[in-house]
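Number of protein chains: 2
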Amino acid sequence: MATVHSTADSTALLTDHYELTMLEAALAAGTAGRRSVFELFPRRLPEGRRYGVVAGVGRALEAIDAFRFDSDTLAALDGVVDEPTLGWLADFRFSGDVWGYAEGELYFPHSPLLVVEASFAEAVLLETVLLSIYNHDSAVASAASRMTLAAGGRPCIEMGSRRTHEEAAVAAARAAYVAGFEATSNLAARHRYGVPSTGTSAHSFTLLHDTEEQAFRAQVASLGKGTTLLVDTYDVTEAVRLGVEVAGTSLGAVRLDSGDLGVLAVQVREQLDSLGAGTTRIIVTSDLDEHAIAALAAAPVDGYGVGTELVTGSGHPTCGFVYKLVAREGTDGELMSVAKKSVDKVSIGGRKYALRRRSTRGVAQAEVIGIGTAPVDDGDDRMLLTPLVRDGEIVGREPLSAARDRHAAARAELPLEAQSMAKGEAVIPTVFE
Amino acid sequence: MATVHSTADSTALLTDHYELTMLEAALAAGTAGRRSVFELFPRRLPEGRRYGVVAGVGRALEAIDAFRFDSDTLAALDGVVDEPTLGWLADFRFSGDVWGYAEGELYFPHSPLLVVEASFAEAVLLETVLLSIYNHDSAVASAASRMTLAAGGRPCIEMGSRRTHEEAAVAAARAAYVAGFEATSNLAARHRYGVPSTGTSAHSFTLLHDTEEQAFRAQVASLGKGTTLLVDTYDVTEAVRLGVEVAGTSLGAVRLDSGDLGVLAVQVREQLDSLGAGTTRIIVTSDLDEHAIAALAAAPVDGYGVGTELVTGSGHPTCGFVYKLVAREGTDGELMSVAKKSVDKVSIGGRKYALRRRSTRGVAQAEVIGIGTAPVDDGDDRMLLTPLVRDGEIVGREPLSAARDRHAAARAELPLEAQSMAKGEAVIPTVFE
Numbered sequence: 119m120a121t122v123h124s125t126a127d128s129t130a131l132l133t134d135h136y137e138l139t140m141l142e143a144a145l146a147a148g149t150a151g152r153r154s155v156f157e158l159f160p161r162r163l164p165e166g167r168r169y170g171v172v173a174g175v176g177r178a179l180e181a182i183d184a185f186r187f188d189s190d191t192l193a194a195l196d197g198v199v200d201e202p203t204l205g206w207l208a209d210f211r212f213s214g215d216v217w218g219y220a221e222g223e224l225y226f227p228h229s230p231l232l233v234v235e236a237s238f239a240e241a242v243l244l245e246t247v248l249l250s251i252y253n254h255d256s257a258v259a260s261a262a263s264r265m266t267l268a269a270g271g272r273p274c275i276e277m278g279s280r281r282t283h284e285e286a287a288v289a290a291a292r293a294a295y296v297a298g299f300e301a302t303s304n305l306a307a308r309h310r311y312g313v314p315s316t317g318t319s320a321h322s323f324t325l326l327h328d329t330e331e332q333a334f335r336a337q338v339a340s341l342g343k344g345t346t347l348l349v350d351t352y353d354v355t356e357a358v359r360l361g362v363e364v365a366g367t368s369l370g371a372v373r374l375d376s377g378d379l380g381v382l383a384v385q386v387r388e389q390l391d392s393l394g395a396g397t398t399r400i401i402v403t404s405d406l407d408e409h410a411i412a413a414l415a416a417a418p419v420d421g422y423g424v425g426t427e428l429v430t431g432s433g434h435p436t437c438g439f440v441y442k443l444v445a446r447e448g449t450d451g452e453l454m455s456v457a458k459k460s461v462d463k464v465s466i467g468g469r470k471y472a473l474r475r476r477s478t479r480g481v482a483q484a485e486v487i488g489i490g491t492a493p494v495d496d497g498d499d500r501m502l503l504t505p506l507v508r509d510g511e512i513v514g515r516e517p518l519s520a521a522r523d524r525h526a527a528a529r530a531e532l533p534l535e536a537q538s539m540a541k542g543e544a545v546i547p548t549v550f551e
Numbered sequence: 119m120a121t122v123h124s125t126a127d128s129t130a131l132l133t134d135h136y137e138l139t140m141l142e143a144a145l146a147a148g149t150a151g152r153r154s155v156f157e158l159f160p161r162r163l164p165e166g167r168r169y170g171v172v173a174g175v176g177r178a179l180e181a182i183d184a185f186r187f188d189s190d191t192l193a194a195l196d197g198v199v200d201e202p203t204l205g206w207l208a209d210f211r212f213s214g215d216v217w218g219y220a221e222g223e224l225y226f227p228h229s230p231l232l233v234v235e236a237s238f239a240e241a242v243l244l245e246t247v248l249l250s251i252y253n254h255d256s257a258v259a260s261a262a263s264r265m266t267l268a269a270g271g272r273p274c275i276e277m278g279s280r281r282t283h284e285e286a287a288v289a290a291a292r293a294a295y296v297a298g299f300e301a302t303s304n305l306a307a308r309h310r311y312g313v314p315s316t317g318t319s320a321h322s323f324t325l326l327h328d329t330e331e332q333a334f335r336a337q338v339a340s341l342g343k344g345t346t347l348l349v350d351t352y353d354v355t356e357a358v359r360l361g362v363e364v365a366g367t368s369l370g371a372v373r374l375d376s377g378d379l380g381v382l383a384v385q386v387r388e389q390l391d392s393l394g395a396g397t398t399r400i401i402v403t404s405d406l407d408e409h410a411i412a413a414l415a416a417a418p419v420d421g422y423g424v425g426t427e428l429v430t431g432s433g434h435p436t437c438g439f440v441y442k443l444v445a446r447e448g449t450d451g452e453l454m455s456v457a458k459k460s461v462d463k464v465s466i467g468g469r470k471y472a473l474r475r476r477s478t479r480g481v482a483q484a485e486v487i488g489i490g491t492a493p494v495d496d497g498d499d500r501m502l503l504t505p506l507v508r509d510g511e512i513v514g515r516e517p518l519s520a521a522r523d524r525h526a527a528a529r530a531e532l533p534l535e536a537q538s539m540a541k542g543e544a545v546i547p548t549v550f551e
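Chains as they are written, first to last, in our numbering: chain A, 119 to 551; chain B, 119 to 551.
Don't read these hints as lab results, they were simulated from the structure.
Here the structure is a predicted model, which is why all the values come from computation and not from measurement.
Don't take each hint at face value.
For identical chains, the list gives no copy identity; a pair is met inside one copy or between any two copies.
[What the hints assert, rightly or not] Below, computed lysine to any residue pairings styled on SDA-like, alpha-carbon distance capped at 20 Å:
#1 Lys541 / Gly433
#2 Lys459 / Asp328
#3 Lys343 / Ala146
#4 Lys459 / Gly197
#5 Lys459 / Thr478
#6 Lys541 / Pro227
#7 Lys343 / Ala147
#8 Lys343 / Gly197
#9 Lys343 / Arg373
#10 Lys459 / Asp353
#11 Lys459 / Asp378
#12 Lys541 / Thr329
#13 Lys541 / Gly497
#14 Lys343 / Met454
So here's chain A without its partners, still in its complex pose:
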């Protein structure tokens, strides 16, 4: 069997060149061992968004665990760093501590999503892969959450694999599930993460057969009456009639993939009802985003299949998270705050703590960030940083369903304005204490 890439088991090369050369220079200078605190955080929300969703935590923990330099990986670094650095890397295993927002949790500007404490050498090496995972997965989850909000209780199905990188597709399906999607079309996401998978059929299946009737009979014979028939290859009205004739009134669903979905859904619902197929559902697909989903709220639609706009973050394909050194060991051995002074890219030095301030009725009121010390819980608040890695050991693993449940609960705490699809400010303010 052909091997697509030979270092799939290690994540160590999913890394920027300069992380390794900084390591080399710091090792030579004797500063690589200085205790350091790095923070992964957003400077802002994507323009117009009311909140963001943290996703990728579980994947990031696996990436830390798999960040090892085996002989193949070391050989690949020949010419990048010197021999002493290669020797240091051969023994590398992350031995520090990581705290972070749990998966599915919401975020706001400056939320300290990850706090990594280790030697500079160990912490800097993780920068690229942690940012890659968080920036991608959280962008998808943040878009997905708006879609499931817009859909109300109706199920959303992730179908975007073909519109994004083949491995990003698997992570996107996972992130969408965290943010409330019911299922995915992606089989690798089913296999790796247990996300329920589902599917209908494509126009090619209808076109393969001599008649639409032959195609429908083949599908129903194989997949049962509960299947979803695609009814817009030729004429929708004729296809709906035919579908009920072939499968009977217990036909599972029909799928509409083109045209004015709102108008068609009304027509098809009336037709299905008149044929006695009152329980047959109507699934719509075709370049949906959260706005299109919201616009269909009054239409008799039973489910949404979402592709391109989900996997590309609905206009915001990356979160813009950064990973900054906020404190490091000084010459006195104590941690000291550090921060860059550039005008347009301000960072706030010092180790951060965070809680979600809530009213006595449990409504979120503010993202409270403490610098150097933890903010005080007023009694109804929720602490946001949890231990993820302790002395190099992964302690933050959890089932994906826990992240999904957490997301639903955290979103339910938000003020009502969070449900608006219109552009606006963050729904709660970020407050430094």
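Starting from the known structure of chain A, fit chain B onto it as the hints suggest.
Using the frame of chain A, we list chain B on its own:
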């Protein structure tokens, strides 16, 4: 060593659920073996773009080669398809033919980028993974090509790994290289594809040290005077002075990562020249896209580091390519054209051929597409479909440098208007013959 995902060697699960259930239904109906022609093509260019760039061809060929169902993969499909289908998949190996545009080639609306001829069963299974690879890699290459055009002869360096999925990052670095980028920060792209890698240093490296001078001395001692010093952590003028003091007038380069890059570049160039460091280059980074690069054309900049906008396709993170059945075996055993009839998603049935019509002076004039038969070369034209897979054997492998050279040559054929960064129509028309 931890395993990040257990089916990395097979691409068969990077697939939509419905490809498998369509297979099951077609096998049961006796139609799975019908000879079929699928075509992968764009309905249009991204809004405002003058041309697109084909990338991912080499990756797609490896994905076809690795599309096998080993025992782990088959076990993962338990509950998705029935036993007879699992039995059929166990022996699966693509045995058909594929023709396509070579990597680095340009594309226009309806260009037949891939033509896949095989049984329906074999061809339909490849749909999702082929689209994933082409849609992602071509989106990045299309953005990258505009950036290298805007940069004129100045080098562009790909630095976007942290802003996209960790595996998409590797493919993005590869695609950018095809479209003229000089190097990448991504070490896995160096390892897997031989893309040159490079790096400077981060603000964290400066902040780790007690003074900027200590940081600069550490970097120069380890990486040599030819290194690139990051000069905007505190005060740019002081850092440039210090950099030349530490490394001497043969300092390789300085990097500016914030502020008004055009103004700063002029100031820093004057300062470097006045210090006698006339050969020290100025590298700029910080949310660059093709428009920002073009705006810096008159500034004394020696290289561009591009991140977010490159890996997210500069506003167009996916190409919208589709994969459609255009012909299949009829009851008479002959291939017949087929096409969906939906109003807003028209496909054109029939097998396609394509050539780039050129003037006697070698300037591209039209994308000529033949339906059913190849268009006639007027003497100065270029045929665009090349054999990629023959009877299941990959015949289209080539070094990445060939794709890079092809891209440069194909872009040089375009009319001058292709160089405009303003929104416009495709720079040559698509003509059906």
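field: Which numbered hints fail
entry: Numbers 4, 5, 12, 13, 14, in rising order.
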